[in-house]
Amino acid sequence: MSRGYARKTLLAVSVCALMSWIGCNNPRGPEGAGRSEVVELTYWPAPNPQEVQLADTLVRRWNRTHPTIQVRMQSIPVSQSTEEVLLAAIAGKTTPDVCSNIWPGALHEYTRAGGLIPLDQFTDFDSIALARTPRDLLEPFRSEDGHYYQIPWKTNPVMMFYNLRMFEEVGVAKAPRTYSEFFAAAKKLTRDLDGDGQIDVWAGERDIRPIWWQRLFDFYPFYIAASGGKTLFKSGEPDFNDDAARIVFQFFQECYQQNYFPHTYFQGGDPFLLEKKATHFSGPWEVATLHSLAPHIRYDVAPLPVPDDYAGPVYTSGDYKNIGVFGTTKHPREAWEFVKYLLQAEHDLLLLLTTNQIPVRGDLLTNPLFAEYFRQNSKMVRFAEQAVSTRGVDAAPDLKEILDAISQEYEACAVYGKKTPTEAVNDAFRRTKVIVEWNK
Amino acid sequence: MKSFWLFNLPRHRYAKTGYWFVLPYVVFFGGFVAYPLIFSFILLFHRWNIVTPMEWIGLKNFERLLNDPLFFKAILNTLKFLLIHIPLQMIIALGIAVLLNSKLKFRGFFRAVFFLPVVVSGVVVTILWQQLYAFDSGLLNRMLTAVGFGRVPWLIDPDMAMLSIALMATWKNVGIYIILFLVGLQDVPRELYESASIDGATRARQFFRITLPMLRPTFVVVVVLSTIGGFSLFVEPYVLTGGGPMESTLSAVLYIYNQAFYFNHMGYAATLGFVFALIILGVVLLQRKVIETEPTT
Amino acid sequence: MKAIAKYAALGLGAVVFAYPFLWMIASSLKPEAEIGGFGLWSPHFTLFNYEQVIERIPLGRAFLNSIIVSLSATVSVVVFGSMVGYALARLQFIGRGTLYAIVVFTMTLPFQITLIPQYILMVKLGITDTYLALVAPTLMTAFSIILFRQFFLYVPQALIDAARIDGCSELRILFRVIWPLSRPVVITVSLLTFMSSWNEVLWPLIVVRNRSLMTMPQLVTLFTIGGEAESLLGLQLAAATLLALPIIITYSFFQRYFIESMASAGIKG
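For the record, the sequence lines run as chains A, B and C.
Each residue of the first sequence is one higher than the one before, starting from 1 at the first, in this note's numbering.
Each residue of the second sequence is one higher than the one before, starting from 441 at the first, in this note's numbering.
Each residue of the third sequence is one higher than the one before, starting from 738 at the first, in this note's numbering.
Looking at chain A on its own, in the form it has when it is part of the complex (with noise of 0.2 Å):
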């Protein structure tokens, strides 16, 4: 129970600030104030061991280093959503002075409950964003009142793995770009192999069930590979019911109805850990998963195919996570200080080797601090090229509600062919305008 939990949280958290204030007051008696004024702060890292390990590391490095500026890490109950926790502690005002593991689609719900600070208050802000993060990068992450209330952090390009193996088998030299050429290689790729009239092997699966967030596998990178890297809403407004979409759709349609997709889900495992399917969409960590529980699959890495006539660099969708810094606090100045230590290249480098996650900023492939990185991890490289022409989730009030709509659109276009890809885009887009109507 979410309230069962914030309750607890909130008693925990109270509890601490409780002993840090007996911890903060006691030095001081004996000596009197001293200008020895100690600041704690507090931060949420994610709650996935490598990002606490990480989380822990740097908040000792660099406790050593600000004797005065004392940060005590936190991490978030597993058991639940930060979206969930994050929110019950805005309304109970026990919200972290920093936290890295901020979801932008729920960012628009943090800031209408006040929860954060607009960051380009701060006067280094847009030097020291811009030294990072390219400004192409930079942009979608800015709220409609134009201020930045957070700052990307990391995130996880969603790009094609292919069996090379299976590839080879069927002749299919090089990895598919265009529709076209992956509708070619996934009529030969999809195969009977024992004979019995039951297909074996497939060109790609995807979960079929309209769940919001399986869409950011297939629908929601893919439409902004075929729009050029345009997301689901423009200043607030949906603004998807275009080609771009409908082609995504008909795409689909066509993998399922040509059964170079399933139409069932899979028993006994992930189809391409089991080299079931030839192709799978999928983020920087299962590069990771592979080299575990897969070393002997031959695979590559390439960009998400893209309509016949599209021309220019191929865009995906990313799982950003971003960092804020939460109203609560009472020394922002501080906080910022610790967002910038964050923010790092030493730092980012420590990320990379840690979680396997790409830092956002430009000069990846040119900075020397990370050659031996990606030279150790050379499919990395590719996530690292793609990393460029990410883009994340908008900040858009009920986003998992207009996902699991699409999703529902979706489901009746692509997977059971009842409704064409207009019909389908048509009425998602009539539902998000509803829920956001509503939310007005």
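Note that these hints are calculated values from the structure, not bench results.
Okay, derived cross-link-like pairs now, DSSO-like style, lysine-lysine, Cα gap no bigger than 27 Å in a straight line:
| hint | chain 1 | residue 1 | chain 2 | residue 2 |
| --- | --- | --- | --- | --- |
| 1 | A | Lys433 | B | Lys513 |
| 2 | A | Lys174 | A | Lys188 |
| 3 | A | Lys440 | A | Lys93 |
| 4 | B | Lys500 | C | Lys861 |
| 5 | C | Lys739 | B | Lys543 |
| 6 | A | Lys400 | B | Lys513 |
| 7 | A | Lys433 | A | Lys230 |
| 8 | B | Lys513 | A | Lys418 |
| 9 | A | Lys340 | A | Lys93 |
| 10 | B | Lys500 | A | Lys433 |
| 11 | A | Lys433 | A | Lys418 |
| 12 | B | Lys500 | A | Lys234 |
| 13 | C | Lys861 | A | Lys93 |
| 14 | A | Lys379 | A | Lys188 |
| 15 | A | Lys400 | B | Lys500 |
| 16 | A | Lys440 | A | Lys230 |
| 17 | C | Lys743 | B | Lys545 |
| 18 | B | Lys545 | C | Lys739 |
| 19 | A | Lys400 | A | Lys93 |
| 20 | A | Lys187 | A | Lys174 |
| 21 | A | Lys440 | B | Lys500 |
| 22 | A | Lys276 | A | Lys174 |
| 23 | A | Lys400 | A | Lys234 |
| 24 | B | Lys543 | C | Lys743 |
| 25 | B | Lys513 | A | Lys440 |
| 26 | A | Lys187 | A | Lys276 |
| 27 | A | Lys418 | B | Lys520 |
Fit chains B and C to the given chain A structure using the hints.
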């Protein structure tokens, strides 16, 4: 006694005891009926995710509801469910009840077996039927392929899934209605049949002329109970299909549940609940009216 | 000839209603690869699925939770229900008619309307994730009050008068004089309350997310639809069997009462 209570001032000392006896219920009613009702009314005009403060949004919840295809889908699904479930239930229940009502050995055994699915949790029944309905390996499709038919996409085909759920619900609940019809049948006076036999009426004629009309009150109960049950459908789609494929098994309660606990829209969920409740009351009243006034044939 | 057809029809019906349960129990004892066969017998019967289920989810605890919740709901519904029913049937006080009308109104009220506000009430009282939240909304039911009232209306006044003359308090009259006469209705209300409380899933799903407080059907539901069963059929069937057994055992002993309760409830409802 009932109509004069106002003038029937406490004549004796038991009045006080009366208040004490009903006090717990009054408290309970205040907390769990009256307060929720009032609060539900307030929620109708608010947007609220519980953690942040409530926001007054006027009639926007209703506006959204009128533009919400899932709301209409949920109603349509429920109607579809009822249209299959109620007739099926009545025919099977009445048929078995008539058989059980004749001279019979092992009547108790049969009655107990037909009633078994009623007492078992809906979760058990749903998990069990999930296996029966499975497309590739399910028992039903294996039986069908064994006798030379093709596989039926019980839960996969959007046009079939609700039918499959209605079938399962019939299997689970028909025991109650068998018992109700049995009670109804036993209440039909013997003399009616005897005099009809003397007049030379056939069995079939007796059934249509005597049995069915005499069972009218039972039909009312069966229809009303099934309707309320249909609108309360939750566990079955929640476990079996999650409301899919293509939202074809999204039930009213499942939709309320999703809006409230998946998307944290308490105000909108309360609005859905309110409107569904009005629809249920309307449908039940209408059914009573129709069945009770239907001319005897 | 007709008799044969009749028995054949009923026999077929019995198979349709009972065989799935037998199949479920048998399959839960089979290794995964053999599930899906029609037959009940297997040379490889094993308790593996049960061991796995018990290892993966705290079913013992859930069983205890379900017992605690269902029993407290049942006791409360019977005790308070009969008190209110008695007051409405046999005691005179101002507002009695109104109160009865309210009870009847409550019964016709669809739960869909109070579900969300009731949950919010639990949140505001700060009792989500407690036993209290699990039972609170079912501590009294309009339905039980109406059944009790109906039954108590037919208790002879002379009995009550005699007890009053003996100086019995009304509570004593209710529990010592009237209850012994009302066994059928007490059994009916108890069984129905226990059964519906035992089988309830929606409310626990809403107010409890702490696994150690989950009721048995709730835990089994989440086990099945969540990832924990890893879409292994044997585990799901074993969990379902464990959930069904307590009720099936109770039912096999009190089968007559179950059926009669349901019949009388259905007719009055």
